[in-house]
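These protein sequence lines map, in sequence, to chains A and B. Read in numbering that gives the first Met the number 0, the first sequence has 75 at position 76, and its numbers run on one by one without any break. Read in numbering that gives the first Met the number 0, the second sequence has 88 at position 89, and its numbers run on one by one without any break.
For the record, the hints were derived by calculation from the structure and aren't laboratory data. Hints are supplied without guarantee of correctness; some may be wrong.
Repeated chains share a single entry, so a pair holds when one copy, or any two copies, can fit it.
Said to hold, decoys possible - Straight line, CA to CA, 25 Å or less: simulated DMTMM-like cross-link-like pairs of lysine to aspartate or glutamate:
1) K57 <-> E129
2) K128 <-> E53
3) K34 <-> E91
4) K82 <-> E157
2 protein chains.
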Amino acid sequence: MLHDNFQIDIKNYALFDEAFTHASYVNEHPKENLKYYERIEFLGDAVMQLCVSEYLFKRYPNLPEGKLSRLRAAMVCEDSFSKFAKECHFDEYIRLGKGEEKANARNRPSLLCDIFEAFIGALYLDQGKETVVSFISKVIFPKLDMGWFDHFLDHKTELQELLQQDGDCEIEYQVLAEKGPDNAKQYYVAVLANQKELGRGTGHTKKAAEQAAANQALKELRG
Amino acid sequence: MLHDNFQIDIKNYALFDEAFTHASYVNEHPKENLKYYERIEFLGDAVMQLCVSEYLFKRYPNLPEGKLSRLRAAMVCEDSFSKFAKECHFDEYIRLGKGEEKANARNRPSLLCDIFEAFIGALYLDQGKETVVSFISKVIFPKLDMGWFDHFLDHKTELQELLQQDGDCEIEYQVLAEKGPDNAKQYYVAVLANQKELGRGTGHTKKAAEQAAANQALKELRG
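My request is simple: use the sequences and hints to build the entire structure.
Structure (C-alpha cells):
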C-alpha cells in the first residue's frame, strides 16, 4: 500500500483517490460521482516548483539565478517526474478507463508525470509542506548527488550567455597542448572572447578541458 | 518606509536590501560586496505560483483545471505584478545604477515585476508563507472581486477547447431572437456544434448571450 511504503499517516484518503484517478475512469463510472486528478495536479505542480526552488536556493547559496533556473527546469519536468513516479510504483495505483488501459496509458510518461504532481498536491493538502519536503528529500534530492542533473550546469553555455547579453561576442576555445599517453591524455585549453584570453582549463577530454576553462573565465569575470 | 506601510516586523533587513538592488547598482559599488535581486526573485516567483494556485484551488472548488490555469496565468504575469509593484510604491525603493536610472528602468514593467517577485521572496524567507499569504490577500486577491481577471474566465474559449480536443468541430452561435427596446434589448442565442444545439443563453449584448450559451453547454457536457 502507498502509505505503508512511505510511512505517511493519511488523514483524507479521498484526496489520494482523486490524485490517482484518470478522467477515463470517471467517465466509465458516472454514478460514483468521482473526481479525476487534474485540479489537484494543478496545485501539486506549484508545490513542487516551490519546494525544489527553495531547496536549490539554500543548497547553492552562490549559484547565479540562470543556473538555478536551469537546474530547476531539469528537475521539475516530465522526464524526471515520470521516472520518479515509476520508482515509487505510482503506475500501479492509477485508476484508468478500459480504453486508456488498452492504449497503455499506464506507462505513458506524460500521465506518470501528471500523477506524480497530483500525488504531491494530495500530500500537501493532507499533510502540509514539511511532509512534502521530507518525501522529495528521499525521492528527488539524492539524485542531485548522484549527478542526474550535472549536464545542466553547463559552464560553456553560461559563459556564452554572459558574454553575449550586451551584444555579439566571438568565443573561441583553443587547444594549447595535449600531453601524456593516449590512455591518460591531458588537454590544455584556453577560452578567448574577441581574441582576448579569459581563462584556461585542463581535462582528460577536450570537452572537459573546455568546461574547466569556461568555469575559470566565469570566476574571473564575476570577480 | 516599506515595513511601516505593510506592518511587517522585518527580522533580516539584508534580504530586503537584496530584493530591491539591481545588478547595475552592485556594479557601481564594487567595494560594498552587495547582492542583487535575481536569486531571491527566482524563489519569490515560485512562492507566488504556489500561493496563488492554492488560493484559486480552494476558492473555486468546482472550477476545472483549464480555467484555474488561465486565471493563474492572468494573475501571475508581468502585467499584473508591475501594477502591484507600482501600487505598493516599490519603484521608489529600487537601487539602480546611473545608466539604468537615466534609461528610466525604474518604470520598466519587466523590472517592476522582478522587484515584486524579489520582495515576495524576501518576505517568504524573513517571515514565512503565512505572512506572504496575508500580504497578497491585501494586494492581489481583492482584484479578483473587482473583476480584473474576469475576461480570462472565457466560456466560449473553454467550450471550443473542450469540443476540439479530439479533432475538428464546427461551432456556431445563432441569434434566435432580439426582444425589448433598444436601451434594454435582450438577445437570445443558441450554440451549435456540428449543427447540434448544445445550449442557450440570454444577455443584454450578443456577446454576453453567447458567453451564457457557452456556459450552459459546458454544464450540459460535463453532466
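Status of each hint after checking the structure:
1. K57 <-> E129: both (16 Å within a copy, 20 Å between copies)
2. K128 <-> E53: both (12 Å within a copy, 12 Å between copies)
3. K34 <-> E91: Answer is within; shortest intra-copy Cα gap is 19 Å, inter-copy 47 Å.
4. K82 <-> E157: neither (27 Å within a copy, 32 Å between copies)
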